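> Starting from the known structure of chain F, arrange chain V on it as the hints suggest.
Same order as they appear, the protein sequences are chains F and V. For the first sequence, counting from 1, position 200 maps to 199 in numbering that gives the first Met the number 0; every step adds exactly one. For the second sequence, counting from 1, position 287 maps to 286 in numbering that gives the first Met the number 0; every step adds exactly one.
If you're looking for bench data, these hints aren't it; they were derived computationally from the structure. Given the structure is predicted, the values throughout are model-derived calculations rather than measurements. Each residue gets a CB set at the ideal place from its N, CA and C atoms; glycine is no exception. Keep in mind that a hint or two might mislead.
What the hints assert, rightly or not - Pair ranges (Cβ atoms, derived):
id: 1; chain 1: F; residue 1: Ile216; chain 2: V; residue 2: Trp276; range: 35 to 43 angstroms
id: 2; chain 1: F; residue 1: Ala195; chain 2: V; residue 2: Val114; range: 39 to 47 angstroms
id: 3; chain 1: F; residue 1: Leu151; chain 2: V; residue 2: Phe145; range: 27 to 35 angstroms
id: 4; chain 1: V; residue 1: Trp405; chain 2: F; residue 2: Cys91; range: 50 to 58 angstroms
id: 5; chain 1: F; residue 1: Val100; chain 2: V; residue 2: Asn9; range: 47 to 55 angstroms
id: 6; chain 1: F; residue 1: Ala90; chain 2: V; residue 2: Glu236; range: 16 to 24 angstroms
id: 7; chain 1: V; residue 1: Asn92; chain 2: F; residue 2: Ser104; range: 37 to 45 angstroms
id: 8; chain 1: F; residue 1: Val100; chain 2: V; residue 2: Ala346; range: 50 to 58 angstroms
id: 9; chain 1: F; residue 1: Ala195; chain 2: V; residue 2: Val387; range: 18 to 26 angstroms
As the list claims (entries may be wrong) - Simulated pairs of lysine-lysine, BS3-like, Cα-Cα distance not exceeding 30 angstroms:
id: 10; chain 1: V; residue 1: Lys24; chain 2: V; residue 2: Lys127
id: 11; chain 1: V; residue 1: Lys24; chain 2: F; residue 2: Lys61
id: 12; chain 1: F; residue 1: Lys196; chain 2: V; residue 2: Lys127
id: 13; chain 1: V; residue 1: Lys24; chain 2: V; residue 2: Lys225
id: 14; chain 1: F; residue 1: Lys61; chain 2: V; residue 2: Lys225
id: 15; chain 1: V; residue 1: Lys225; chain 2: V; residue 2: Lys20
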Amino acid sequence: MSGHERTVVGSTIVAILASVGFIVAYALDRSRLMEGVIFAVAAAALCAAFAGCVAWLVPQEKVIDEREQPESEPLYPLPRISALSGLIAVACGTLLVAAIVPIRSLAPNFGNALFHTRWRRGTRLCREDGTPVRAGELNTDSMETVFPEHALDDPQSQAVLIRLPVDISDAPQGYVAYSKLCTHAGCPVAQYRARAKQLLCPCHQSLFDVVDAGRVISGPADHPLPQLPLMIGSDGYVRAANDFPVPVGPGFWGRA
Amino acid sequence: MIVGLIDWFNERLGSAHAVNKALRKAFPDHWSFMIGEINAYAFLLLVVTGTFLALLFDPSTASVRYHGPYTLLDGVTMSQAYRSAMRLSFEVNGGLLIRQVHHWTALIFLSGIVVHLCRIFFTGAFRKPREINWVIGITLFVLAMFAGFTGYSVPDDLLSGAGLRIADAVLLSVPFIGTRTSMLLLGGAFPSEQMIPRLFVTHIYIIPAAIAALITLHLAIVWRQKHTQFRGIGRTEDNVIGSPLFPKYALKSFALLLALTAVAFALGALVQINPIWLYGPYNASIVFSPVQPDWYVGWVEGALRLGPAFALHLLGHSVPSPFWPAVFVPACIFGILLCWPWIEAAATGDRRAHHLLDWPSDAPLRTAIGAAGLAFVGILLLAGSDDVQVRYTHWSIESLVVAYRWLCIFAPVVAFLITYVLASELRGRHGVHHAPRVRLRRNAAGGFDEEPIP
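Bound-form chain F, shown alone (with noise of 0.2 angstroms):
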């Protein structure tokens, strides 16, 4: 035997152990390591195997394969079926377009979906565990992560409540509220930069101004944040004086 057949039955039985070893591995319940690292070896085993035979023991021939040029060649002739063959396509067509027309009932109407959330005048602005915001429980430059107290898990809805210092701000006792879905791509907009009064959505970047109505400060956002309208109810809860005056989240074709 020459070295060269040597080194394939030698990678040849490299590789049935090592698959017998993941079989063992994997019986064991090993580590995921372990079970990928010996197959990946007795891959590579055999891997070698094929590649020295390549190498050294299958013949080093070249082949010479003739390329024949495409010929033209007259089209059988097609008999005509008359007049009937027009209508006969139109048939197919139509049915076709039958077989696709109840792809439709994949897309449901989306309404007011993209126009409306579930803010009314008078809800509560509730954090994502239930409970409702009072007046007094915010820090000023502190923010808050809220939804509608009736529809806790409605993502189109969310919106963050910032309690502005009430010098720099004629809110009602400093608090603002804006939609928390970037206006860009509708990322969530979660970070607040106190000392600036800004927004930023971490994805693509846009900063938004809190204290200036939601202006696009920079970033590729080409709209400004959606405010809510607040106020404080004599109950001492902050609560929303309206829905968005506009559609939140990302622009669309509809949205004007």
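Here is chain V on its own, set in the frame of chain F:
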């Protein structure tokens, strides 16, 4: 035994002649011809590992409370989809390994497609008569991107959920059809409860079926048209010289499949990828930073970060800002790619069939345009991770965005000029066909005469 089996089939199908002919088919030996094969094998590996995963994964969005071996998430509410991906990762023997092998193989698949595409482009292999396979190849590239994106979106984790949210915003930005298509694909406004089940069906059935069909067609056409080849001694437009399919090429190809398997399993075992337990389940009001998609979507993400804050308003409708970088720019890139064989034929007036390949320096203009395109997409890809770069460099994100916007214009121009000058300099210096084509002949005086070969 094998001979007996071949006889058995031959007596029923009369296949012996065709098989003999196929076994001696010539396959050119150049290494770059193996890249496409890597992609075919990567797809095979994806189907095998993916079947295992699909049988263990539950795409439901019903919410459950987590109690399992990963105690950091104990008591956290999550979707069934995320729960079953966690079960796959922590409780199924071999589950995490196969998940990671699947993800790594997807990255290899997409990378292989890009390299294969470059090989075809820069050597002019797309020219007549191979335009059909070029178009099929570009379509496969797009399908593979969607396969990858839908694949890493189904576990319903926080990272992929952010990606889906962005993808839906991009879809919504398309004029006329955007909102309806979004409803059609997601089954409701984002994040609809039908979203994950539909992505799952798309990922495991619709896209792979299309890819399998197109790969079959792609290979059948290669087989029918025979391979291209680089210029060399004895190689002409009318022949193909190479190793026979059997035994050499078949063994070589099988070795490649095994090498790919070994690499994918080694990566899957040793290098962590998409650790969904660190991201947590998707929650529409939470996001972390930095967020980045897989690399083959990264250039679109980069384009989104660089895009202008420009919305078009007309007649009570609007085309919002994500449309331009994330729909218009990619559509232009893929549109130009699809039409390239015809663009080049029209520009050069060369409409002949070509079976001998160009070396990249043989066609400086084409090579330079390709380099400019790669530079443009490369800059977009880099811009997709600008938030990470900010972290390490302490530059401001605003100045980095401005820098990348300029680079989008200048990098392609510079790449074009450098490549064009280099290729023009090197033109004609590569390959046997440029060696002096002379024959030496002994003359009567005992010396040698050079006789040019026509």
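> Now tell me, hint by hint, if it's right for this structure.
Results for each hint:
1. Ile216(F) <-> Trp276(V): 35 to 43 angstroms: Distance hint for Ile216(F), Trp276(V) holds at roughly 36 angstroms.
2. Ala195(F) <-> Val114(V): 39 to 47 angstroms: Distance hint for Ala195(F), Val114(V) holds at roughly 45 angstroms.
3. Leu151(F) <-> Phe145(V): 27 to 35 angstroms: holds (34 angstroms)
4. Trp405(V) <-> Cys91(F): 50 to 58 angstroms: Taking Cβ atoms as reference, Trp405(V) and Cys91(F) lie about 55 angstroms apart, which means the hint holds.
5. Val100(F) <-> Asn9(V): 47 to 55 angstroms: Hint holds: Cβ distance 49 angstroms, inside 47 to 55 angstroms.
6. Ala90(F) <-> Glu236(V): 16 to 24 angstroms: violated (47 angstroms)
7. Asn92(V) <-> Ser104(F): 37 to 45 angstroms: holds (41 angstroms)
8. Val100(F) <-> Ala346(V): 50 to 58 angstroms: For Ala346(V) against Val100(F), whose Cβ atoms are near 43 angstroms apart, the range 50 to 58 angstroms is violated.
9. Ala195(F) <-> Val387(V): 18 to 26 angstroms: This hint holds: roughly 22 angstroms between Cβ atoms.
10. Lys24(V) <-> Lys127(V): holds (22 angstroms)
11. Lys24(V) <-> Lys61(F): It holds: about 10 angstroms lies between the C-alpha atoms, which stays within 30 angstroms.
12. Lys196(F) <-> Lys127(V): violated (61 angstroms)
13. Lys24(V) <-> Lys225(V): Holds. Lys24(V) to Lys225(V) sits at ~9 angstroms (cutoff 30 angstroms).
14. Lys61(F) <-> Lys225(V): holds (16 angstroms)
15. Lys225(V) <-> Lys20(V): holds (13 angstroms)
Against the hints set out earlier in the document, violations occur for numbers 6, 8, 12.
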